[in-house]
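J.: Counting from 1, position 76 in the sequence shown corresponds to residue 76 in the working numbering; the numbering is continuous, with no gaps.
Simulated from the structure, these hints should not be mistaken for laboratory data.
Nothing here was measured: the structure is a model prediction, and the numbers come from that model.
Hints should not be assumed to be uniformly reliable.
DEER-style ranges, computed between Cβ atoms [said to hold, decoys possible]:
| id | residue 1 | residue 2 | range |
| --- | --- | --- | --- |
| 1 | A237 | Q309 | 24 to 34 Å |
| 2 | D423 | D226 | 19 to 29 Å |
| 3 | S345 | T115 | 43 to 53 Å |
| 4 | A269 | P101 | 50 to 60 Å |
| 5 | A98 | A319 | 27 to 37 Å |
| 6 | D433 | D14 | 16 to 26 Å |
| 7 | R330 | A98 | 15 to 25 Å |
| 8 | E291 | D433 | 43 to 53 Å |
| 9 | G283 | T115 | 51 to 61 Å |
| 10 | A261 | P186 | 50 to 60 Å |
Glycine included, every Cβ here is placed at the ideal spot set by N, Cα and C.
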Amino acid sequence: MRDDLVAALLRVVDPAIVLRRPEELMLYEYDGSVLDQGMPEVVVVPRTTDEVAACVKVAFQLGAPIVARGAGTGLAGGSVPEQGGLVISLARLNRILAIDPVARTARVQAGVVNTDLSLAAARYGLHFAPDPSSQRSSTIGGNIATNAGGPHCLKYGVTTNHILAATVVLADGRVVELGHAALDAPGYDLLGVMIGSEGTLGIVTEALVKLTPNPEAVRTFLAIYDDLDAASTTVSAIIAHGILPAALEMLVGQGIAAVEAAVQAGYPAEARAVLLIEIDGLGEEVAAQAEQIAALCRQYGARELRAAQDEVQRAKLWAGRKGALAACARIAPHYHIQDGVVPRSRLPELLRLTEEVATRHQITIVNIFHAGDGNLHPLLLFDLRHPGALERAVAASEEILQACVAAGGTISGEHGVGIEKRDYLGWIFGPADLAAFADVRAVFDPVGVMNPCKLLPSGSSCADIRHARGALRAVDRGAWI
């Protein structure tokens, strides 16, 4: 299979973009998670949609798995080539094709980095709102694959709220356009189906995205607490009083000290919890909300409220939040991160449970998360050199996710399902739901070559995919869709 695949690719694209040496392939066998690895048989790094389509068509004809990869910052194994096959890196599709400041849109290739788009739009007073913590390296295509969010999704929404249309390469290599520049176009929302599908339905190579006006005023606060429940209760109180912050983040316990040691962001290392609160909008509105937030933080037990006095201080506070994951390497060399979601009112009990789970499984868990929308990010820290450490981390993370579901939440807010959480999907969806998901997947990819063994626990098992690959040569590829 591998030799046939390489030979066929060399016939349709520039050999310079076909990577096949072991030392090259090793760079594509993992993503941002420590749990999952898989070596691809070959990697291509195309520069255009046509080249992507040509490579997909080759792999489809040979029955080889096809895995799209952006920047590799995913945290659920979604871009790990678990079944080998072809990895298509979109890193070179990194051009901003057009910015329309009147329509407030941009046409971009899938490999454009989040912050690069915002920097290019800044001259027009605009930015791309989705801002995952990896935004300095994560790409628009990767955001679309997992429907990523970030701190500011509390007010501005997740990726699906900012995508108008997309160019997609289907499993057989055909190129289609989904969505429309006009809002509320008639027909089935196939673009909505594609966003968040984690590369199992097709490969997005270009997107028409919305750009958001930069706010007139921004205020950023750090609320400091000696009591964890008080900090959690403040989160619900702010929303209940009709204030919708642009961002409302929480850091707890040991993570605060690690962040401060690494970044010197101005966080009090001894605090039990801190809230990073940002509001934006019209000047008068922001001033009024700032007074309300100060009063609520005092009412619910903040020992201190610090306000960023200028853009330098604001940037430092955000550097602490954005650099938190890396900073926790000071505590342990390896990590497993989850992103379960719960109703805001259940945050106190889930945070207490997380601490109980950490004690019971003898593992360090740091909570640094999107408190405003209840998107927990327990960071389970361990050392792989210690026997049983990884197993304890996985068991602890599973227990936390089960508690999130029991509290009325779900298993992922923005990281996606990928490999790590595919077997948990049955906790929140019944057999009929999962069957419907598998039917939708089969419409786009009836032979199961697009990112196999990901996302769904049924209809996409590795055994099913291998069976489908064996039967490929009997399929009439001109008769589907």
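J.: Is the distance from the Cβ of S345 to the Cβ of T115 consistent with 43 to 53 Å?
T.: 34 Å, violated
J.: Could you see if the CB distance from A237 to Q309 stays within 24 to 34 Å?
T.: 25 Å, holds
J.: Lying within 15 to 25 Å: is that true of the beta-carbon distance R330 to A98?
T.: 43 Å, violated
J.: A range of 27 to 37 Å was offered for this pair. Does it hold for the Cβ distance of A98 and A319?
T.: Holds, at about 32 Å.
J.: For the pair D423 and D226, does the Cβ-Cβ distance stay inside 19 to 29 Å?
T.: 40 Å, violated
J.: Taking the beta carbons of D433 and D14, is their distance inside 16 to 26 Å?
T.: 44 Å, violated
J.: Given a hinted range of 43 to 53 Å, is it respected by the beta-carbon distance of E291 and D433?
T.: Roughly 46 Å apart at Cβ, these two residues keep to the hinted range, so it holds.
J.: How does the Cβ-Cβ distance of G283 and T115 compare with 51 to 61 Å: does it lie in that range?
T.: At roughly 26 Å between Cβ atoms, T115 and G283 fall outside 51 to 61 Å, so the hint is violated.
J.: The hint says 50 to 60 Å between A269 and P101; measuring C-beta to C-beta, is that right?
T.: With Cβ atoms ~44 Å apart, the hint is violated.
J.: Holds or violated: the 50 to 60 Å window for the beta-carbon distance between A261 and P186?
T.: Given about 55 Å between the Cβ atoms, the range holds.
Comparing the model with each earlier hint shows violations of hints 2, 3, 4, 6, 7, 9; every other hint is respected.
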